[in-house]
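**Q** As a plain string of letters, each chain reads:
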Amino acid sequence: MILGLVSVCTPLGDSCLRRGMARIPPISLTHPASLITAVFTPWIVLGIALLIGYFASYLTALSWADLTFVMPAAGLGNVILALLSRFWLHEAISLERWAGIVLVTIGVGFVAQGPSLTERPTAEAPVPAEVQQPLLEEQAQ
Amino acid sequence: MTIPFSASQPGFWAATAMIAAIVLTSTAGEVLTAAAMKSIGDLDEIRARSGLMGAIRAVLTSPLFFTGIVFLALAFFSLLLALNHMALSLVAPASASLTLVTNAIAAKLFLKENVDRRRWASAVLVCVGVYFLAH
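Those protein sequence lines, which keep their order, are chains A and B. Counting from 1, one number per residue, gives the positions in the first sequence under this note's numbering. Counting from 1, one number per residue, gives the positions in the second sequence under this note's numbering.
Since the hints were made in silico from the structure, they are not lab data. All figures in this text were calculated on a predicted structure; none of them were measured in a lab. Every residue gets a Cβ at the ideal spot worked out from N, C-alpha and C, and that includes glycine. Take the hints with a grain of salt, since some may be wrong.
If you only want the chain B side, here are some residues facing chain A, beta carbon under 10 Å, derived [said to hold, decoys possible]: (1) Thr16; (2) Ala20; (3) Leu24; (4) Leu98; (5) Thr99; (6) Leu111.
Restraint-style ranges between C-beta atoms, simulated for each label pair [to be verified]: (7) A:Leu117 / B:Ala121: 36 to 42 Å; (8) A:Val102 / B:Thr16: 37 to 43 Å; (9) B:Arg47 / A:Pro115: 31 to 37 Å; (10) A:Phe87 / B:Leu60: 22 to 28 Å; (11) A:Ala49 / B:Leu60: 30 to 36 Å; (12) B:Pro10 / A:Glu96: 39 to 45 Å; (13) A:Thr105 / B:Leu90: 32 to 38 Å; (14) A:Gly109 / B:Arg49: 18 to 24 Å; (15) A:Gly109 / B:Asp44: 41 to 47 Å.
Far from chain A by the CB rule (all over 10 Å, computed), these chain B residues [to be verified]: (16) Trp13; (17) Ala15; (18) Ile19; (19) Ile40; (20) Gly41; (21) Arg49; (22) Gly51; (23) Gly54; (24) Arg57; (25) Val70; (26) Ala107; (27) Val115; (28) Ala121; (29) Ser122; (30) Tyr131; (31) Phe132.
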């Protein structure tokens, strides 16, 4: 369910961003401030709102699954975007894109069959020591 | 596309540098936020215990999470910059698919995740697939 939300918000948010950025004149590295003003274009704001929704669900997924499990699953978003444009906007999908859809689907099926979390030696402590260590050091200071 | 081929097209090295910047910063951000979420614990359990605000507070008070967010923000701005200079059909597939593979490597190195043959296979499959789709 959460992974589904991740897959839906990403393509929608991204396409809003692309629409927004295409309308802005080229930005140069010598004027970094123009990158900041770009953030306040309506399409960019909508895109960012959708991406925040994506990020919240993505973080929830990461709290109980491995990064290498969530990342491929989030790739499913590209498939959803392609299928949406095919059946909703009636765009033609090239052979190359169908190949992409098949590959991503097989890849996600592959990873979904395995365990979602790396087994740790201590089953009752879900927090792995090597991850907790930097936090503890920071608290000790 | 209304953007013409002009002198503003970046050269090979500039294009490589822009994409490398996206890939590196987003990989660092992903790994740091993943480590933060693992150290916080299952968000569903935290929400059951102390409510939605408790879960949000648990995430926002994690220093690891903030370091990750800084890198993700850098990745976001380098993506905006690259999109502004280069064709979408180059930036999107290159950064999206490369990030998948660098993330798998970084997750194995730094998060000590068990990246077995099945996960490598799916990372590569999704990487190639995303490249085709975004092209």
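**Q** Of all the hints given earlier, name the ones this structure violates by number, lowest first.
**A** 1, 2, 3, 4, 7, 8, 9, 10, 11, 12, 13, 14, 15, 19, 20, 26, 27, 28, 29, 30 and 31
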